[in-house]
Amino acid sequence: MKKSLNKTHVLAESAIMVALSIAIFLVSDMIPWPFLIYGGSFSLFGQVPIIIVSYRHGIKNGLAASLALAIFEMIMGYKNFTYVTGLAAYLTVLLADYVVAFGCLGLGGMFKGRLGGKQSAELALGGAVVCVIRFICHYISGITIWKGYCPDGMAVELYSLLYNGSYMSVELILTVIGLVAVGKFINLDKKKLV
Numbered sequence: 034m035k036k037s038l039n040k041t042h043v044l045a046e047s048a049i050m051v052a053l054s055i056a057i058f059l060v061s062d063m064i065p066w067p068f069l070i071y072g073g074s075f076s077l078f079g080q081v082p083i084i085i086v087s088y089r090h091g092i093k094n095g096l097a098a099s100l101a102l103a104i105f106e107m108i109m110g111y112k113n114f115t116y117v118t119g120l121a122a123y124l125t126v127l128l129a130d131y132v133v134a135f136g137c138l139g140l141g142g143m144f145k146g147r148l149g150g151k152q153s154a155e156l157a158l159g160g161a162v163v164c165v166i167r168f169i170c171h172y173i174s175g176i177t178i179w180k181g182y183c184p185d186g187m188a189v190e191l192y193s194l195l196y197n198g199s200y201m202s203v204e205l206i207l208t209v210i211g212l213v214a215v216g217k218f219i220n221l222d223k224k225k226l227v
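Its first residue numbered 34, the sequence shown is counted upward by one per residue in the numbering used here.
By construction, these hints were calculated from the structure, which means they are not laboratory data.
Heads up, a few of these hints could be off.
[Unchecked claim] Derived Cβ-Cβ restraints for the label pairs, each shown as a range:
#1 Asn220 with Lys40: 14 to 24 Å
#2 Leu191 with Ala48: 13 to 23 Å
#3 Leu120 with Phe218: 16 to 26 Å
#4 Asn220 with Asp185: 51 to 61 Å
#5 Phe218 with Gly146: 35 to 45 Å
#6 Gly149 with Thr118: 48 to 58 Å
#7 Ser153 with Ser74: 32 to 42 Å
[Unchecked claim] Pairs of lysine-lysine, DSSO-like flavour, derived with a Cα cap of 27 Å:
#8 Lys145 with Lys223
#9 Lys151 with Lys217
#10 Lys40 with Lys112
#11 Lys180 with Lys93
Computed from a prediction, not measured in an experiment: that's the story for all the values here.
Cβ coordinates follow ideal geometry from the N, Cα and C atoms, glycine included.
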């Protein structure tokens, strides 16, 4: 009986964190970011709840939570699929811009217990690594699928770097700040947070 309660608790906590992440992404998408000259957007700590799930409950539960977020992001970005044709392009957008890009957030707890139990450092390093993986996914998509949006005379690699790097660098900084703050003020090894 105790084991099923624990699974139920992990599922409930994960669902709350996914819902929190989705809410943050939705609110963040409504804010215009004029300094992102090529467009794009970032969330105000939207990745943090998913990385916390991974850190608290392991990579498997983190990946499940991040996949739920990836599906939501894909539904919200459905228009991106109307700009591409062909199975290869659809699969590239599906994987590089959604499933792998957001799914990698579930790996955020990979450093738990590996830095001497320094929770803030473990969270920050995990958050930084998954942000870099997410950037690589979007960069690959930018140079393969979205190259048609590259301004004339600019190398597509540079355009993808500038476009994706502009918002992902802010996302990385905010994610690390949020994770360090959580790590300093909340003991994530407690049995129950919610």
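How the hints compare with the structure:
1. Asn220 with Lys40: 14 to 24 Å: 22 Å, holds
2. Leu191 with Ala48: 13 to 23 Å: 41 Å, violated
3. Leu120 with Phe218: 16 to 26 Å: 47 Å, violated
4. Asn220 with Asp185: 51 to 61 Å: 54 Å, holds
5. Phe218 with Gly146: 35 to 45 Å: With a Cβ separation near 20 Å, phenylalanine 218 and glycine 146 fall outside 35 to 45 Å, so the hint is violated.
6. Gly149 with Thr118: 48 to 58 Å: 51 Å, holds
7. Ser153 with Ser74: 32 to 42 Å: 27 Å, violated
8. Lys145 with Lys223: 14 Å, holds
9. Lys151 with Lys217: Holds, at about 9 Å.
10. Lys40 with Lys112: 36 Å, violated
11. Lys180 with Lys93: Distance of about 34 Å is beyond 27 Å: violated.
Of the numbered hints stated above, those contradicted by the structure are hints 2, 3, 5, 7, 10 and 11, listed in ascending order.
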